[in-house]
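**Q** Listed here are the chains, written in short residue letters.
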Amino acid sequence: MRKHSELQMQVLRLYRDILRCARSRGPEERAQISRFTRDKFSQPIARTQVTRIEYLLGYGRRQLEMLQMAGTKKVEVRR
Amino acid sequence: MGARSFATFLDRADVTDRVLGVVKSFEKVDPAKVTAKSHFVSDLGLDSLDTVEVVMAFEDEFTLEIEDKEAEKIQTCEDAINFICAHPHAK
Numbered sequence: 001m002r003k004h005s006e007l008q009m010q011v012l013r014l015y016r017d018i019l020r021c022a023r024s025r026g027p028e029e030r031a032q033i034s035r036f037t038r039d040k041f042s043q044p045i046a047r048t049q050v051t052r053i054e055y056l057l058g059y060g061r062r063q064l065e066m067l068q069m070a071g072t073k074k075v076e077v078r079r
Numbered sequence: 001m002g003a004r005s006f007a008t009f010l011d012r013a014d015v016t017d018r019v020l021g022v023v024k025s026f027e028k029v030d031p032a033k034v035t036a037k038s039h040f041v042s043d044l045g046l047d048s049l050d051t052v053e054v055v056m057a058f059e060d061e062f063t064l065e066i067e068d069k070e071a072e073k074i075q076t077c078e079d080a081i082n083f084i085c086a087h088p089h090a091k
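Residue numbers (the UniProt record's numbering), protein chains in the order written: chain R, 1 to 79; chain D, 1 to 91.
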């Protein structure tokens, strides 16, 4: 098994952090956030697209901060 | 007798059953393939995101929180069993 790169680890950590955040919500919302997050993180991207991945990481982290703020009910989808 | 510890550890056979149960109930896993030695990726065909989800499912099952550094090391059922057996707060 190939070891994950530092960038991959950061992506997996963000994924875990979002699922953790979702856990503090009700079951329905948790399932919805988890499905949404899975969908976003499953979109294929070449490992060589480092700048794009870093951009998406930053974007994902800001989305997580929004989610962590009390009262945020929905996460916006941006394509 | 030395100092008494109030930490309680779960029985290994119980932990094994429950860990395998969690993995078998994961929707992408073929339950027939799951053994204590199973590697999530190479034996069960899961990807790295699935692995994160499985480890979180262990947290739910045993009411504990696994730190990132530890969670990243859990790649097989056996890794999970060892971690949980050594964890004094697992329920």
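FYI, nobody ran anything at the bench for these hints, they're computed from the structure.
Incorrect hints may appear among the rest.
Using 30 Å as the maximum straight-line C-alpha spacing, the simulated BS3-like pairs for lysine-lysine come out as follows [claimed, not checked]:
| id | chain 1 | residue 1 | chain 2 | residue 2 |
| --- | --- | --- | --- | --- |
| 1 | D | 69 | D | 28 |
| 2 | R | 3 | D | 24 |
| 3 | D | 73 | D | 37 |
| 4 | D | 33 | R | 40 |
| 5 | R | 3 | D | 73 |
| 6 | R | 3 | D | 28 |
| 7 | D | 69 | R | 3 |
| 8 | D | 37 | D | 24 |
| 9 | D | 33 | D | 91 |
| 10 | D | 69 | R | 40 |
| 11 | D | 73 | R | 40 |
| 12 | D | 69 | D | 24 |
| 13 | D | 33 | D | 69 |
| 14 | R | 40 | R | 3 |
| 15 | D | 37 | D | 69 |
| 16 | D | 24 | R | 40 |
| 17 | D | 73 | D | 33 |
| 18 | R | 40 | D | 28 |
| 19 | D | 73 | D | 24 |
| 20 | R | 3 | D | 37 |
| 21 | D | 73 | D | 91 |
| 22 | D | 24 | D | 91 |
| 23 | R | 40 | D | 91 |
It should be emphasised that the depicted structure is a prediction, and the values quoted were computed from it without experimental measurement.
**Q** Each hint should be assessed against the structure and marked as holding or not.
**A** Now for the hints, and whether the structure bears them out:
no.	hint	result
1	D:69 x D:28	25 Å, holds
2	R:3 x D:24	25 Å, holds
3	D:73 x D:37	15 Å, holds
4	D:33 x R:40	29 Å, holds
5	R:3 x D:73	11 Å, holds
6	R:3 x D:28	23 Å, holds
7	D:69 x R:3	14 Å, holds
8	D:37 x D:24	13 Å, holds
9	D:33 x D:91	26 Å, holds
10	D:69 x R:40	24 Å, holds
11	D:73 x R:40	24 Å, holds
12	D:69 x D:24	25 Å, holds
13	D:33 x D:69	27 Å, holds
14	R:40 x R:3	23 Å, holds
15	D:37 x D:69	21 Å, holds
16	D:24 x R:40	25 Å, holds
17	D:73 x D:33	21 Å, holds
18	R:40 x D:28	18 Å, holds
19	D:73 x D:24	20 Å, holds
20	R:3 x D:37	20 Å, holds
21	D:73 x D:91	21 Å, holds
22	D:24 x D:91	20 Å, holds
23	R:40 x D:91	33 Å, violated
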